[in-house]
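K.L.:
Below are the chains, spelled out letter by letter.
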Amino acid sequence: MSRKSPVTAARRTLIWLGVIFAALALTLGGGTMWGEASWTPKLALDLEGGTQMILAPKVQGGGEEITQEQLDQAVSIIRQRVDGSGVSEAEITTQSGRNVVVSLPGIPDSDTRDLIQASAQMEFRPVLMRAPAPAAETPTPKDQLTTPTAKPTNGSDLNWVTPELQQKFEKLDCTDPKALEPAAEPADPDKPMISCEPDTGSKYILGPVAVPGTDIESADFGLRSNSQGQTLNEWAVNIDFNGDGTEKFKEVTTRLYSFGQQDPRNQFAIVLDGTVISAPTTNAVIPDGKPSISGSFTEDSAAALAEQLKYGALPISFEIQSEQQISATLGADQLRLGLISGVIGLALVAVYSMFQYRMLGLVTIVSLVVAGVLTYLAIAILGWTQNYRLSLAGVAGLIVAIGQTADSFIVYFERIRDELRDGRNMVSAVENGWRRAKQTVLASKAVNLLAAVVLFFVAVGSVRGFAFTLGLTAIADLIVVFLFTHPTMQLLAKTKFFGGGHRWSGLDPSLLDVVPIYRGAGRLREPSTAAVDANKGRAGAKPISARNKPASKEAERRLTIAERRKAEGAEPNVYAGSDSAPKEENN
Amino acid sequence: MSATSKFATFGNELYTGKRSYPFVGKRKLWYWIAAIAVLASILIPIAKGGFNLGIEFRGGSEFTVSSVENTEVSIGEEAISGVNTGAEPTVTNIAPNTMRIQMDRLNDDQTLQVKENLIDAYGVTQDEVTSNYIGPTWGQDVSGKAITGFFVFVFLGAVLMALYFRTWKMSLAAMVGLFVVMFVTAGIYSLSNFEVTPSAVIGFLTILSYSLYDTVVVFDKVRENTEDVDVSTKRSFAEQVNLAINQTLVRSINTSVVAVLPVASVLFIGALLLGAGTLRDLSLALFVGIIVGTLSTVFIAAPLYAGLRLREPDIKRQSKRVNNRRRNEDGLAGNGAVV
Chain A
1 MSRKSPVTAA RRTLIWLGVI FAALALTLGG GTMWGEASWT PKLALDLEGG
51 TQMILAPKVQ GGGEEITQEQ LDQAVSIIRQ RVDGSGVSEA EITTQSGRNV
101 VVSLPGIPDS DTRDLIQASA QMEFRPVLMR APAPAAETPT PKDQLTTPTA
151 KPTNGSDLNW VTPELQQKFE KLDCTDPKAL EPAAEPADPD KPMISCEPDT
201 GSKYILGPVA VPGTDIESAD FGLRSNSQGQ TLNEWAVNID FNGDGTEKFK
251 EVTTRLYSFG QQDPRNQFAI VLDGTVISAP TTNAVIPDGK PSISGSFTED
301 SAAALAEQLK YGALPISFEI QSEQQISATL GADQLRLGLI SGVIGLALVA
351 VYSMFQYRML GLVTIVSLVV AGVLTYLAIA ILGWTQNYRL SLAGVAGLIV
401 AIGQTADSFI VYFERIRDEL RDGRNMVSAV ENGWRRAKQT VLASKAVNLL
451 AAVVLFFVAV GSVRGFAFTL GLTAIADLIV VFLFTHPTMQ LLAKTKFFGG
501 GHRWSGLDPS LLDVVPIYRG AGRLREPSTA AVDANKGRAG AKPISARNKP
551 ASKEAERRLT IAERRKAEGA EPNVYAGSDS APKEENN
Chain B
1001 MSATSKFATF GNELYTGKRS YPFVGKRKLW YWIAAIAVLA SILIPIAKGG
1051 FNLGIEFRGG SEFTVSSVEN TEVSIGEEAI SGVNTGAEPT VTNIAPNTMR
1101 IQMDRLNDDQ TLQVKENLID AYGVTQDEVT SNYIGPTWGQ DVSGKAITGF
1151 FVFVFLGAVL MALYFRTWKM SLAAMVGLFV VMFVTAGIYS LSNFEVTPSA
1201 VIGFLTILSY SLYDTVVVFD KVRENTEDVD VSTKRSFAEQ VNLAINQTLV
1251 RSINTSVVAV LPVASVLFIG ALLLGAGTLR DLSLALFVGI IVGTLSTVFI
1301 AAPLYAGLRL REPDIKRQSK RVNNRRRNED GLAGNGAVV
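Same order as they appear, the protein sequences are chains A and B.
The first sequence begins at 1 in my numbering and counts up by one.
The second sequence begins at 1001 in my numbering and counts up by one.
Source of the hints: derived by calculation from the structure; they are not laboratory data.
Nothing here was measured: the structure is a model prediction, and the numbers come from that model.
Check the hints yourself; a few may be wrong.
As the list claims (entries may be wrong) - Here are a few chain A residues that sit away from chain B, every Cβ distance over 10 angstroms (derived from the structure):
1. 15
2. 110
3. 113
4. 149
5. 164
6. 190
7. 238
8. 334
9. 356
10. 414
11. 421
12. 436
13. 448
To be verified - Taking CB as the label site, the calculated pair distances span:
14. 369/A - 1327/B: 53 to 63 angstroms
15. 1192/B - 58/A: 38 to 48 angstroms
16. 343/A - 1069/B: 51 to 61 angstroms
To be verified - Pairs of lysine-lysine, DSBU-like flavour, derived with a Cα cap of 35 angstroms:
17. 250/A - 290/A
18. 438/A - 1234/B
19. 191/A - 248/A
20. 438/A - 1316/B
21. 58/A - 42/A
22. 1026/B - 1048/B
23. 1048/B - 438/A
24. 42/A - 191/A
25. 310/A - 250/A
26. 168/A - 310/A
27. 1026/B - 438/A
28. 151/A - 42/A
29. 1169/B - 438/A
30. 171/A - 151/A
31. 1234/B - 1026/B
Built from N, CA and C at the ideal position, the CB exists for glycine as well.
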């Protein structure tokens, strides 16, 4: 870069910025046209309205710690329940390895809330009747409905099937998503129930619970081996029951096995949360409590079933720890006022920058706008690809970032001014000032990023959004200051207005005392052409105007011995000979 | 225009050392002020019996009614007295057309009933009443996390600074500055009885970032000025540090103003029109913290760094050399110290 002329380098850098912008805009534009993306960022619950619940999991009947795996499993179960209840766009996440956060648009009714809080019920029930997916059959005439003739003696007894139950069973259409809605009340374990198997669309009448899920000790999956111990290319899920479970499972398989393969009553159903997740047939009596389920499993589906079974061993219920209902009107108000105050804040910053830095303030404002557009595009794209949603805290983060972004420019401009004060011309002041400012900006942005990352990882709830935008804007700031502000300054340094130090440029040499008035041991030099000669060759230094003279006279008048010594001390010594080597090597 | 000129002149004079504030020279005084401020910040909350904790820490139910025509507090109180809650409600008008009602935690039925009553009493629609109930552990979770975050950030920040500046003394000075900021901001919170909410706690964490950021910028200049101090006899180490603080003073002022302006805008517009909420709580903490953070860098962190280094033999020797040179050069000037 040093061998290239600053102007060439600046143009090249600006082209890179253009490329980044084009890439982001095209990504988002393409996403909008062909994908799910939208030009506006996605809004979080607090701005869009809805309900956020923070749930603390509770292990039923024991103080066991909940592992992250179980929590993840719980999240997927809650997601199934919420999706099943017809709520779209629910967001369910875990928080700090302990809580589950459920965010729903709108206000959930008490059924939905009960559903979310309920523990997952896993149970093994014997199948009484089964029917395949389509429900277009004609209902059985009333007089032909089976009527219980006696009190049922065991779980597979068809006497469980009452006419009402059979009619309900016949009406049930398991291909209708409505039928898959989880019931608000968990089914009574001592009574029969009807249920769907979402994977196949089959429907069942099931007997009372034969073995509860809590009797599962553990579950895993692997390749099945045959009786000779050879490993077959077939995935199987292995269950390990505890003592009680072993007894019960032995009893139920003995009964079911006796029905023969053609009878639906040979099957038992594994029911999770009221739906059948698997309904294997019984091929043998299992006396040791270690059944193995095989069939058309893939590795993934076997793993999934094993996970669900494990979860069944530890039923977790949830307690609502905090519930927040946010009305869309309040959120919209907050967003509107937040944005208004952001714009006012930005305007104040603009006015202050213009006041302090004159036309350089304009560079600050344009840079802030560029940073803003960059951040906006990034948020919109993240909303599309990562489902990032802008929350009110995120908006606060963006507003706070205005100040921190503007600070990079202030550090840079002050450096340029310092270099000008040392007597450099504009072009080299921009180059040298940048070299020093760059380092400071990088170090300080590292602190910002560190804070954002720490905040993000320890964050609770809405704080994440805040931390995220803080981090995002720190990166956007770096991009802008490197790829926009600096090259712009390089180009501006070449213009007559800035390079020439126009009085409105904010870099007016006379304002900055560019020409050292005191030189050497208290010798007073006329601020005239001689001084300008010293700067000759470094193009652009403005001859001292008449305007500067009174200032120097004034300074002369105020000169005391102590001041003279101070002035002497401040003279080039440390920054020896403005273009000399030691300073350059400090970088 | 003339003000700008003056400010530029001010900057020039600070840069050349013509005008200089004794940040390092008077450091003992700043330490005392900071020590008293920190002590007061610890004693005030104790004397007052703690902070004004938000509902998130105490636990309870909160209702917000928006688009209210008549903002009489009594309307809300009467509406709730109909429900047998046993809880004493606090009804406040938090913003134009907006009421907030806080009370001890209600159960689901009570919540619904209170909500119904509020809808009737204030003549608003279902959408305009929001309810919010929070277990007392929620706030503790947040503050527990914040404390973890605080230590993680302080540790990583200290390591980062020590590595970047290659001296643990800068890192230590910066951390002391950081603690002053934390305590004093907390003290101001307690003194002014601002409500401590999770958003405010997060604001605190952000202040840490801002404060350290500010310190890095000033320390960068300090490092630059003191890089070859051992071979120079122009200024003593303390004088160089002081010059660096003075030279970055304009930047510090500009930065704080620019950082505070948007925050203040959110704070005042938010507080005026919105009342309590995420925006106000965050910006309140930031507003206080940014100002305290800048002051702490200039008056505590940087002078403390100079103070830490002044005990080093090399620095002592250098200081002696500077004094000797000065005495030799101008025997006539008696009061020689610049700092």
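K.L.:
Given the hinted pair residue 42/A and residue 191/A, is their Cα-Cα distance within 35 angstroms?
P.N.:
46 angstroms, violated
K.L.:
Are all C-beta atoms of chain B more than 10 angstroms from that of residue 15/A?
P.N.:
30 angstroms, holds
K.L.:
Are the Cα positions of residue 58/A and residue 42/A separated by 35 angstroms at most?
P.N.:
Given pair residue 58/A, residue 42/A holds - Cα atoms ~33 angstroms apart, limit 35 angstroms.
K.L.:
For residue 113/A, is the shortest CB-to-CB distance to chain B above 10 angstroms, so the non-interface label stands?
P.N.:
Residue 113/A not clear of chain B: closest Cβ-Cβ about 8 angstroms, inside 10 angstroms.
K.L.:
Measure nothing beyond the straight line between the CA atoms of residue 168/A and residue 310/A; if it is 35 angstroms or shorter, mark the hint as holding.
P.N.:
32 angstroms, holds
K.L.:
With the threshold set at 35 angstroms, check whether the alpha-carbon distance from residue 438/A to residue 1234/B stays at or below it.
P.N.:
The given pair, whose Cα atoms are some 28 angstroms apart, holds under the 35 angstroms limit.
K.L.:
Checking the smallest CB distance to chain B, is residue 238/A really beyond 10 angstroms?
P.N.:
39 angstroms, holds
K.L.:
Is residue 151/A close enough to residue 42/A, meaning Cα to Cα at most 35 angstroms?
P.N.:
Roughly 59 angstroms separates the two Cα atoms, so the pair is violated.
K.L.:
Is 38 to 48 angstroms respected by the C-beta to C-beta distance linking residue 1192/B and residue 58/A?
P.N.:
40 angstroms Cβ-Cβ, so the 38 to 48 angstroms window holds.
K.L.:
Confirm or reject: residue 356/A is not an interface residue toward chain B, with every Cβ-Cβ distance exceeding 10 angstroms.
P.N.:
6 angstroms, violated
K.L.:
I want to verify a distance hint. Is the separation of the beta carbons of residue 343/A and residue 1069/B within 51 to 61 angstroms?
P.N.:
With Cβ atoms ~29 angstroms apart, the hint is violated.
K.L.:
Checking one constraint from the list: CA of residue 171/A to CA of residue 151/A, max 35 angstroms. Satisfied?
P.N.:
At roughly 25 angstroms apart (the allowed maximum being 35 angstroms), residue 151/A and residue 171/A satisfy the hint.
In summary, the numbered hints that this structure violates are 2, 3, 8, 9, 10, 11, 12, 13, 16, 23, 24 and 28.
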